[in-house]
Structure formats: structure tokens, C-alpha cells
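Using the hints, position chains B and C against chain A.
Residue numbers (our numbering), protein chains in the order written: chain A, 82 to 363; chain B, 25 to 221; chain C, 7 to 407.
Check before you lean on any hint, since a few could be wrong.
Derived, one-sided and incomplete: chain C residues facing chain A with beta-carbon distance under 10 Å [to be verified]:
hint : residue
1    : K13
2    : G16
3    : E44
4    : V56
5    : C62
6    : V112
7    : F123
8    : I151
9    : Y322
10   : R396
11   : C401
If you are wondering where the hints come from, they were derived from the structure by calculation, not from laboratory data. The model shown is predicted, which means the values in this text are computed figures rather than measured ones. Idealized CB from N, CA, C, for every residue including glycine.
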Amino acid sequence: MDRVFWLQGITCNGNSHSFVNLSTLPALLKNIEFIYHPLLESLSFSKALEQNFDILIVEGGIKRDWQRGGVEFEKLFLELASKAKRIIAVGSCAVYGGIFKEYDKEICGVLFAKEEKSHYFEKFKDKTINIPGCPAHPEWIAYALIYQKPHLDDYFRPKELFAYTVHAGCTRNEYFEWKVDAKSFGLKEGCLFYEQGCQAPYTHGSCNKILWNEVASKTRVGTPCFGCTEPDFIQRDLFQTKTFMSIPAKMPLGVPKRAYLTLTGVAKSFRIERLSKRLIDD
Amino acid sequence: MARRSKEERKRQIMDEALRLFSKEGFFEVTIADIAKSLHMSVGNLYNYFSSKEALAKELILYISKLLGNEIRKINLQPISAKEKIKKIVQFYFYTAKERPELIEYFLRIYLSHREVFKEGCEGMICVSPFVTEIMIFFEEGVRSGELRDQDFFSAFGLFMGYLGGMVFLMGEGMLPNDIEYYIEDISQNIYLALKNG
Amino acid sequence: MIEILEKIEGEAEVEYSFVSGEIKDVVVRFPHYRGIEEILQGRAALDALVIAPRVCGICGHAHLQAAAMALERAFGCKISKKAKIIREITRFAEIIQNHIKWFYLVIFAQLHIPYDFRKVHQAIVLANRLIALFAGQSPHSSYAIAGGVTCDITHVELLQAKAIVQEIEEILFDLLGEFDEKQLSKDLAKLFEALKSKNLLQIGKSLDRFITLSEDSVVKNVKILHGKRRKTSLRFVQERAFEGSYAKGVLYRGKFYETGPLARMMQMDLPFIKRLHRRYKDSITTRIFARIYEAKLLLQIIAEHLDQIDLNEPSYIPCKVVDGMGYVSIEAARGSLIHKVAIKNSKIANYSIITPTQWNLSNGTKENPSLLQKAIIGLRDREKANLVFRSFDICSVCTTH
Numbered sequence: 082m083d084r085v086f087w088l089q090g091i092t093c094n095g096n097s098h099s100f101v102n103l104s105t106l107p108a109l110l111k112n113i114e115f116i117y118h119p120l121l122e123s124l125s126f127s128k129a130l131e132q133n134f135d136i137l138i139v140e141g142g143i144k145r146d147w148q149r150g151g152v153e154f155e156k157l158f159l160e161l162a163s164k165a166k167r168i169i170a171v172g173s174c175a176v177y178g179g180i181f182k183e184y185d186k187e188i189c190g191v192l193f194a195k196e197e198k199s200h201y202f203e204k205f206k207d208k209t210i211n212i213p214g215c216p217a218h219p220e221w222i223a224y225a226l227i228y229q230k231p232h233l234d235d236y237f238r239p240k241e242l243f244a245y246t247v248h249a250g251c252t253r254n255e256y257f258e259w260k261v262d263a264k265s266f267g268l269k270e271g272c273l274f275y276e277q278g279c280q281a282p283y284t285h286g287s288c289n290k291i292l293w294n295e296v297a298s299k300t301r302v303g304t305p306c307f308g309c310t311e312p313d314f315i316q317r318d319l320f321q322t323k324t325f326m327s328i329p330a331k332m333p334l335g336v337p338k339r340a341y342l343t344l345t346g347v348a349k350s351f352r353i354e355r356l357s358k359r360l361i362d363d
Numbered sequence: 025m026a027r028r029s030k031e032e033r034k035r036q037i038m039d040e041a042l043r044l045f046s047k048e049g050f051f052e053v054t055i056a057d058i059a060k061s062l063h064m065s066v067g068n069l070y071n072y073f074s075s076k077e078a079l080a081k082e083l084i085l086y087i088s089k090l091l092g093n094e095i096r097k098i099n100l101q102p103i104s105a106k107e108k109i110k111k112i113v114q115f116y117f118y119t120a121k122e123r124p125e126l127i128e129y130f131l132r133i134y135l136s137h138r139e140v141f142k143e144g145c146e147g148m149i150c151v152s153p154f155v156t157e158i159m160i161f162f163e164e165g166v167r168s169g170e171l172r173d174q175d176f177f178s179a180f181g182l183f184m185g186y187l188g189g190m191v192f193l194m195g196e197g198m199l200p201n202d203i204e205y206y207i208e209d210i211s212q213n214i215y216l217a218l219k220n221g
Numbered sequence: 007m008i009e010i011l012e013k014i015e016g017e018a019e020v021e022y023s024f025v026s027g028e029i030k031d032v033v034v035r036f037p038h039y040r041g042i043e044e045i046l047q048g049r050a051a052l053d054a055l056v057i058a059p060r061v062c063g064i065c066g067h068a069h070l071q072a073a074a075m076a077l078e079r080a081f082g083c084k085i086s087k088k089a090k091i092i093r094e095i096t097r098f099a100e101i102i103q104n105h106i107k108w109f110y111l112v113i114f115a116q117l118h119i120p121y122d123f124r125k126v127h128q129a130i131v132l133a134n135r136l137i138a139l140f141a142g143q144s145p146h147s148s149y150a151i152a153g154g155v156t157c158d159i160t161h162v163e164l165l166q167a168k169a170i171v172q173e174i175e176e177i178l179f180d181l182l183g184e185f186d187e188k189q190l191s192k193d194l195a196k197l198f199e200a201l202k203s204k205n206l207l208q209i210g211k212s213l214d215r216f217i218t219l220s221e222d223s224v225v226k227n228v229k230i231l232h233g234k235r236r237k238t239s240l241r242f243v244q245e246r247a248f249e250g251s252y253a254k255g256v257l258y259r260g261k262f263y264e265t266g267p268l269a270r271m272m273q274m275d276l277p278f279i280k281r282l283h284r285r286y287k288d289s290i291t292t293r294i295f296a297r298i299y300e301a302k303l304l305l306q307i308i309a310e311h312l313d314q315i316d317l318n319e320p321s322y323i324p325c326k327v328v329d330g331m332g333y334v335s336i337e338a339a340r341g342s343l344i345h346k347v348a349i350k351n352s353k354i355a356n357y358s359i360i361t362p363t364q365w366n367l368s369n370g371t372k373e374n375p376s377l378l379q380k381a382i383i384g385l386r387d388r389e390k391a392n393l394v395f396r397s398f399d400i401c402s403v404c405t406t407h
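Bound-form chain A, shown alone (with noise of 0.2 Å):
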């Protein structure tokens, strides 16, 4: 049984209340067992600094001059590092410095600050693996602690939840592959990538084929995605689709431009009937 230690840094606790709302959590919490979680019971954060321990999760991004439990957090962090076998961070703040890295530069992640390694990235890199998400969706939490050595991508993400796109699985693909557009926020018909800002085709993420919650998605209530997995979150002009000319910035991950962009004048050639009207009519 691989005993957890959860460590928060600078976080806005997303991540721990999304662990929570794994469904399957108390049949996980017989196969682990948290020595310390922000909510869940476990010991106190001074007895739990005492204990041994497997596995470590940094949830929150890491700076020197801060505190956690009247420590400094980085020898905090330093220390408990060490002592783990394995090292998971959760959420992007852990994995990249994350969202409050844009009001303090100096706050970076486990192994990397945005796109750089961070200085603690040699020293950690062989035992860590990167969950990122804002929040990380708790199943993808679930399997990093279970499974050990995942084939990771460049990011040290493991592959079985990041080679995919956020794209795959949308509802709104037909929408997509004959690039008609919503025409407004708030519909079901139509794509969020030429105007609403969907990062969806070019953000690494499983999230619309392990559902959130169970039953749902960003782009399936008709938001954009943000791209949260990646490193360069969080942008800007978030709900606008940034184009050069009509077209998009950023191509859909791995499509070269001319390709997409002969694609795009072939289907925009076409009207398609059902996709340009309501779905359901009344």
C-alpha cells in the first residue's frame, strides 16, 4: 500500500477538490493511503512531515520565499523531494508554474516554468511525472498514482492521457470537419475554434474522452478550451479566436498550414444543409 503525501504550494486548492470528486475515491483509498491531504482525513501537517512516505504530489506552483506550515516552502519541498519514491505533480501550477506565475515570475513547477526546465529539473526528473489541467481531472490523478512507469511525452506527460487532443471526442467535430462556426455563445450547433478561442485542436488532453464529472466538457456546454494542459497557460483574449488574416494563429496540432488550409476551402466549397440550421427544430 504506497502511502501519499500531498503537498500544497502557491494553489487555489483546485486540484484537491477535484481529487475529490473521483467517484471511485474509496476504492482507490484502499489501495493508497494519504499521510497528509488538504481535505481528506489524514494526519496533521507537522505529524505527517514526520512520517515515511511513497509517493509525493505537489499541487501548486513553488517559490522560495513563501511558507507552508511555518517552513520555507521550497526546503519543504526540497526535502520531501527527496525522500519520495515517486513525485506527481498535479495541475498546472505544479507542473509549469501555472496561472499565479503571471503576477510572480520566480514561482515555477516541479520540473519545468513554462516552457524551461526549472532548477530543479535534473534533479527530479527521473521519478516525476506531470499531470497538468486547470484543474488536473481526477481519473488522471488516479492513474498516475497507480501506474509507475507510463510513457511520457516531452512535458514528462504521460502519453495514454496527452497524445490525444481536447478536440478529440468533441461533440461539435461535424462541425469542425466542415468548418461551420457558432455563430453565437450559447448554442449547440456549430465550432468554437474560428471565433469563440477553442485551444481545443492544438491542447494535449483527454478531456473529451474521459469526461468531466462523467458527463460532460468545456466544448460540450459550448465553452472554449483554454488549453490549461499546456504550458503557456494562461494566454490572453481568451474567448477570441486569434487569426492572421482570417486565419487561424495556431493550426491544429500536427496539420501543416497549407494542408489545413486547402482542407478549409474544399469544405467551406460546401453548404451542408443539416449543419448550417438548428439541430432540433421547434
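Chains B and C in isolation, oriented as in the chain A frame:
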């Protein structure tokens, strides 16, 4: 006649059709006229193109690829958008002068008789190789900050409408000078209209 | 002596001053500033809808809706009745999951009362799922936007939502039984017995003044002072800085007030709450029971709301970004949450947030003690003081944002 591959033969038919369309007019020229001019049987020509409409479509695709390929070469060069504009204008006018049947077909037949192309050439399909390269030219120009961001079609219309208009004037014999005389000024005008700031 | 209180959505430093074994003063400091307001400055107006929820992992949804409302006020936009109802459903669901977490994971844990984790957990999961049906995910949705909501639901989601509400109701009934103060049963009885046996029923009494600054289909913007109700207005809200803490204190016309579930329940003339208040005033007993009572009450209101949605109404009414000011309050799990935004040249020129915990945990003076100080001063036991502290359902991350 030496044995030619099917592709070469096809291209020969297209070149001849373009020449005849440009000289006699699209609706005047029949498949039989083209066959006759190439010393082939009508039946044999039908082995290559099942109808005049099919030939018409292949022609526009052929021209679009040809223009697209040249603009692509310009796009791939490490030069400024301003220089690219000049090269595109230069190439376009040069083509209009040396192979007027290509541009004429595009302007006078494809754009003027969309009914002929209504099936299989919807929207941008048959001109996609050309339009895609123009899109890439614009996109990269805006991305680098050299050109002003705007709707694609307002920029496309300005660029291509201008060039088409000049070639039209040339075809009507209304230009007092050789078309290449205008390259410098026109490139400058287009650049000034599209540049950022 | 300084104590670090943890598991309060972050942590706080609490400094108790003891004089001959009795707490004479208490000062709270929240050390973890994250600069949300600065991050918002200079960004596109709508970016607030993605950034504001990141204030807090447990009540980010209230922050989202506060941001959407503030922008709507600034832009002069209206939303449909449908959007309004859906927003309340998801906001109430967030409050419900918060209260269940707090009731069991904080209060029951602190009092060492055993509980059925599996059932409690299931209720938490379901309440969050209810949010996700409309909002896409929980936590950290951005489905409420200036002009309405992004979702375009069908009867399929409505049916799922109704089934979830029914399931949570059943679980809560299984756990808590009836809210009848004469005949408490199950976990409510266990809680009462625990408080009684440890002599805690009457501790934590405070100023007995309550304030709610928002208006929605459940509450009105009223304050209750000496039993009298008066309408409140945001223009009388004052913020005051305290040394050593990133949290500012908040007063209304120079006075401290309690905000949150107890304040909301006090204005509703509910027999269960009124009787508790008559007997225990604003002690931890009333505060704790009011909070879990609110979870049950909001669940009923969600069920009613689900029947009132007209799917033919628009989810979103086009809403243009224009310059202006928005100053709004919305009820979050812990009380009135205030967002204030100024838009200039379509960008956020200024953004400021006042959170419920700031109301309850201000640092006052001897003459004008804050809610927390009044509730704790006089106690002789740090354990008890900590319980009183937690009875306010502290959110550290919200407070420092």
C-alpha cells in the same frame, strides 16, 4: 507522332483547348474542333475527357496548380512581404503576357461562366491550390507584422481584383504601355494598401 | 502564541493572547497572496471569466458568476430568465457540495465523530456532477459569460439533473434525517450530542449582527441589527487594511457583521433556525446547523428551478464589451462575495474582490471587535477556539486571492 504517355497527351489536349478557347471563344469551340486541331479522333479524345465540362474543370485545376506552384516558390523564399508582392505581380503579369490563354481562361471563362463549373468546382475547390498559397502569403505577412490584419477577402479582392483588372485592360488592348511597365507602381500600390500602420 | 491553522482551504496564522489562562485577543493573518487582481489588470475584459474562478478551488463558481455579473453591469447587458435560473442551479450546487465537505470533513473530523465516508463522498461527487451538466466541469468552469451561459441544454440534461438532485436528497436524508430540533436523529443527533457532551453548545457567540448584500431568488440584500431588518447597499461597504496580513477587513457603515449561511437563514424566518437561535444565539451550534440546513434547502430550490426552465429561451443574449463600471455582490458558500470591475478601452483597468471570509475574520479593536474576536475572546482553551474559528467555514485562498 511519337508515343507519348497518357499524362503528356492529356496536357497536350489541355494546351490546345486553351489556345482555341482563347482564340475562338469557349462556347464556339467544340470537342470535335479540339480533336481536329490535334489530328486525333473525337472518340480518342473522349478517352481523356468525358465531356467539355470535364475538360473545362480540369483546365481550371491545371491553371490553379500552375499558378499555385509558382506562388509557393515565392512564399518559400526568405524575403519580405513587400518583395513577395512584387514577385507575385511580376510573375502574374509575365504569365499574362507570355501565356495569355491561361489568365484569360481564368478571368473570362472560369469567373464569367460559373454555371459551367457548378458541379465539382463548388466554391474554392478548383482554385484551391492557388488560393491556398495566397492565403499563406497573407497569413505570414500579417504574422510577421508587415501587413495589416483584416478580413481575408477584403485583402484578396484588393490584390487579385487589381491584377485581374490590369490583365483585362491588356486583353482589351487598352493599355498604352507593355504590362510589365506597370509592375513597379502596382506592386507599390498594393503594398501601401496592405501594409501595417 | 501563534498557531498555524491548516485545512481551511489553505492556512492561516492565528495569534492568541492569553491573560491568566483566558484568551484576551486574537489576530488572524493570511500569508499567501497570489495577485489575482494584478493578473486581471490590463487584460481583455472577458478574460476575467477564466481567471476569477482560479481564486478558489471550492467556490470558484461563485467567483465566475460574480465576474460575469460585474461585466454585465459594466456593459449594460441583460440575461434571459433561463440563464438566470441555470446560473442559480449551478451556484447553489456549489454551495451544497461546499457545505457537505465542511460539515463532515472539517466539523465531524474536528469533533472526532465517525461518519459514512462513502455516502458523504457520493453526495459530493453528485453535487459537482450537477454543476458539470450545465457548466462542463467542476471545479473551474467558465460557462457563465457576460450575456448568459454557454450551454444549450436539452431535456436530456434536465432529466439527468433531476435524477441527481433526487439521489443527493436521498443520501442526505439517509445521513441527516429530519431537521426537527425536538427530534434530531442520525448524524444531526450525533453532532448535537458531541457538542453537548463537550460543553460546546453555547460557545462562539458573537455580535449577533448579520448581513447579506446580494439578492437572488432565495435571499434579499438585508442586514439584521438588534432584530431589525434594513436594506443594504454596496456603497456603505468599507475595506480596511491590517498590518502583516494580505487580507483586508470589511465593515458596513463602521460595523462588523456576520455574512454567510447563518445570515441568510436568519432573514428567512425558518422555524428550525429561529428556535435554534432563540436558544443558542449565534453560537457555533446555530452556525453549524444553519449551514447544513442550507444545503437541504437549496437542494429543494434546485428541484423547483429545474421545473421552471423554458428551453425555448435563449441561453445567451449578445453582449458587447464597452467601457464602464460593475460593482456587484453574489451569495457564495461563505456569504456575500463582492466583485468590482472597471473597464477602459475594452480592457480591465481595475479589479477588486471582497470575499465573505474577510467579513467574518477581520481584525477589529477592543472597542469594535470583529466577529471572530468577539466569538473567541474569553475562551480558555485553544482547541475550542479553533473549533469556533472553523465554525465560520474559513476560506484562506479566497481571503488572500
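Point to revise | Hint check: 10 Å Cβ-Cβ cutoff, C:E44 to chain A | key: C:E44 check passes; min Cβ-Cβ to chain A is 5 Å, inside 10 Å.
Point to revise | Cut-off 10 Å, beta-carbon criterion: hint that C:G16 touches chain A | key: With a closest approach of 7 Å, the C:G16 hint holds.
Review point. Can C:Y322 be said to touch chain A, with a Cβ gap under 10 Å?
Key: At about 3 Å, which falls below the 10 Å cut-off, the nearest Cβ of chain A leaves the hint on C:Y322 intact, so it holds.
Review point. Taking the least C-beta to C-beta distance, is C:V56 closer than 10 Å to chain A?
Key: holds, 5 Å
**Study point:** When the least beta-carbon distance from C:V112 to chain A is tested against 10 Å, hint result
**Key:** Status holds, d = 9 Å.
**Study point:** Restraint check, 10 Å cut-off on beta carbons, for C:C401 near chain A
**Key:** holds, 9 Å
Exercise for review: Against chain A, run the beta carbon of C:K13 and see if the smallest gap drops under 10 Å.
Suggested key: holds, 6 Å
Check your understanding: Would the hint on C:I151 stand, with a C-beta cut-off of 10 Å toward chain A?
Key -> holds, 6 Å
Check your understanding: Does C:F123 meet its interface restraint, that is, does its C-beta lie within less than 10 Å of any C-beta in chain A?
Key -> holds, 7 Å
Exercise for review: Go through the hint on C:C62 and say holds or violated, using the shortest Cβ distance to chain A against 10 Å.
Suggested key: holds, 5 Å
Check your understanding: Under the criterion of a CB-CB separation shorter than 10 Å, is C:R396 in contact with chain A as hinted?
Key -> violated, 13 Å
In summary, the one numbered hint that this structure violates is 10.
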